[in-house]
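Novice: Chains as they are written, first to last, in the working numbering: chain A, 28 to 328; chain B, 28 to 328.
Hint data in this document are derived by calculation from the structure and do not stem from the laboratory.
27 Å max Cα-Cα, derived DSS-like pairs, lysine-lysine:
#, chain 1, residue 1, chain 2, residue 2
1, B, Lys177, B, Lys324
2, B, Lys72, A, Lys72
3, B, Lys121, A, Lys129
4, B, Lys307, B, Lys29
5, A, Lys121, B, Lys129
6, B, Lys270, A, Lys129
7, A, Lys220, A, Lys157
8, A, Lys118, B, Lys129
9, B, Lys29, B, Lys177
Far from chain A, by Cβ distances over 12 Å, these chain B residues were calculated:
#, residue
10, Met28
11, Lys81
12, Lys110
13, Leu112
14, Cys140
15, Pro164
16, Glu182
17, Leu185
18, Lys207
19, Thr211
20, Lys228
21, Pro229
22, Glu264
23, Glu304
24, Ile312
Where chain B lies over chain A, by a calculated footprint (3+ residues, C-beta under 8 Å):
#, stretch
25, 33-45
26, 64-73
27, 94-106
28, 115-128
29, 131-141
We treat Cβ as the ideally placed atom computed from N, Cα and C, and that holds for glycine.
Number of protein chains: 2
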Amino acid sequence: MKLTVLGCYAATPRTLTNPTSQVLEVKNHMFLIDCGEGTQVQLRKHRIKFSRIKHIFISHLHGDHFFGLPGLVSTYRLLGRDKELHIYESKGIKEAITMLLKLGDSWTNYPLCFHELTSRDSELVFEDDKVSVQTIPLDHRVYTNGFLFKEKLAERKLNVEAVRYYEIDKAYYNNIKRGKDIVTEIGEIIPNKALTFDPPKPTSYAFCSDTAYNPDILPLIKEVDCLYHESTFLESEAHLAKKTKHATAKEAAKIAKEASVGKLILGHYSTRYTSIEVFKKEAFIEFDKVELANDGKVFEF
Amino acid sequence: MKLTVLGCYAATPRTLTNPTSQVLEVKNHMFLIDCGEGTQVQLRKHRIKFSRIKHIFISHLHGDHFFGLPGLVSTYRLLGRDKELHIYESKGIKEAITMLLKLGDSWTNYPLCFHELTSRDSELVFEDDKVSVQTIPLDHRVYTNGFLFKEKLAERKLNVEAVRYYEIDKAYYNNIKRGKDIVTEIGEIIPNKALTFDPPKPTSYAFCSDTAYNPDILPLIKEVDCLYHESTFLESEAHLAKKTKHATAKEAAKIAKEASVGKLILGHYSTRYTSIEVFKKEAFIEFDKVELANDGKVFEF
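Starting from the given sequences, assemble the full structure and let the hints guide the process.
Specialist: Here you go:
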């Protein structure tokens with residue numbers, strides 16, 4: 028998976044920082060996650076082809092996570108898009124986007140498909156043969172979902188030497204890759220394990236923003252390869268985190284540790300801090316596989 | 028007057044150019060005109076104090092002229108604004124902004140006053156003792172208004188030498204500045220012209236975007252000191268201008284010439300042209316007092 032952070036700062040856009048937006052590349056998909064104001068400019072800046080985005084996941088309806096969406100939706104119209112665009116979002120965006128477009132008498136010329144989320148439990152929102160996306164119910168001031176992106180377990184890998192040794196006809200290869208044993212003409216069973224290697228471990232990514240410290244999500248994000256968890260504040264501002272239902276760097280690290288994730292990426296920093304290194308320092312005490320998101324930064328896992 | 032162009036390109040924001048937005052400084056006012064996506068970042072970049080803006084004028088409801096408004100309105104809340112904010116706009120924005128803010132459960136904590144425009148005739152929308160703003164009905168695909176900003180004629184300037192010569196008591200100065208003649212104790216009339224100088228000529232600015240070539244606006248913008256007129260296209264794309272109800276550089280210059288304006292500023296360039304100098308070249312044939320808007324450029328008149 029390749030994650031490009033387009034924006035990872037809390038609250039309002041500033042000259043040099045952007046509100047939340049990310050692009051996750053996985054199995055030929057380009058998933059856009061959140062869409063703060065200026066996202067389309069960030070997409071251009073980082074040379075991400077607009078047309079490759081077919082699915083947009085919006086965590087919640089605070090402006091810094093979706094005020095770039097009307098502009099992006101309009102731009103697709105100007106670019107002559109004809110492919111479907113799917114938007115997964117809290118109930119309400121459909122009405123708002125529809126109204127904004129109607130005001131400008133500029134409805135889209137491509138199919139715009141809204142998938143309104145309302146469940147308080149995790150639900151599967153997208154699935155194809157290679158990847159699935161499910162919601163991670165979060166605890167914020169308004170209805171909020173994180174998203175869990177999971178590759179599916181691939182087919183087993185053919186052990187070319189072994190299938191040659193057993194002189195197995197190519198016609199059986201697909202069955203073997205699906206895990207089937209082989210019965211030879213003389214009735215001998217060759218177990219699948221002798222003919223294949225394990226497929227690569229599927230990769231998973233959990234996006235969790237915005238949220239208060241919420242251990243309820245632990246079963247869902249258990250052992251994900253990479254967790255993006257918001258850390259709007261430091262422990263010194265724990266009272267503000269509590270009041271606004273955000274997390275501190277320490278709390279994000281605790282979640283990462285308890286879920287035994289492969290890597291923690293921090294983000295959604297309050298702009299009150301002059302350096303973001305302090306977030307890493309605080310988190311590191313709890314969990315050492317921690318990295319800092321920053322606008323334009325790319326993570327591969 | 029001091030005009031700061033925050034963005035002056037048509038259609039979608041790009042890495043280096045911004046959609047329409049301007050700040051006009053006049054008589055201690057900071058008027059924001061249009062508010063494309065990214066306007067708040069542009070305001071910061073050009074060090075314009077957010078808090079000084081109390082009146083926002085929106086020409087029409089195409090995204091490139093107002094998609095930055097929800098973000099700006101939300102930012103004022105985060106900054107703890109308590110002063111009134113007045114928004115003059117086509118009917119519909121009130122409902123849209125209200126809905127967007129309600130979705131995020133984040134209504135403003137300051138008074139947000141919408142002034143919905145519906146008239147097809149020019150109307151006075153703002154006035155105080157020093158300046159007035161009236162609409163300029165334009166001809167575009169949706170209901171659109173330009174705006175005419177006019178300083179009011181100031182009081183006459185006291186001729187200090189003359190009032191001393193006539194030994195006029197200071198108590199009469201205010202009346203003199205308002206244009207009154209003076210009758211001395213012996214009944215002699217001193218005409219006002221002998222006691223004062225003419226006040227400076229009031230300055231005026233007309234903002235006209237987006238619009239097709241529309242000579243109906245000529246009486247309204249007659250002899251303004253500065254006219255901003257859109258020129259989305261060149262004459263070579265006149266068919267597109269006609270189809271989309273935009274103007275060419277030549278048409279903008281014709282309007283400027285016919286209205287005998289002091290200076291023409293071109294803008295709202297289609298991003299199909301690699302250089303904007305071609306707009307000036309085309310306009311110059313009709314009208315030589317022409318300048319090119321560009322993001323960040325400041326004009327004083």
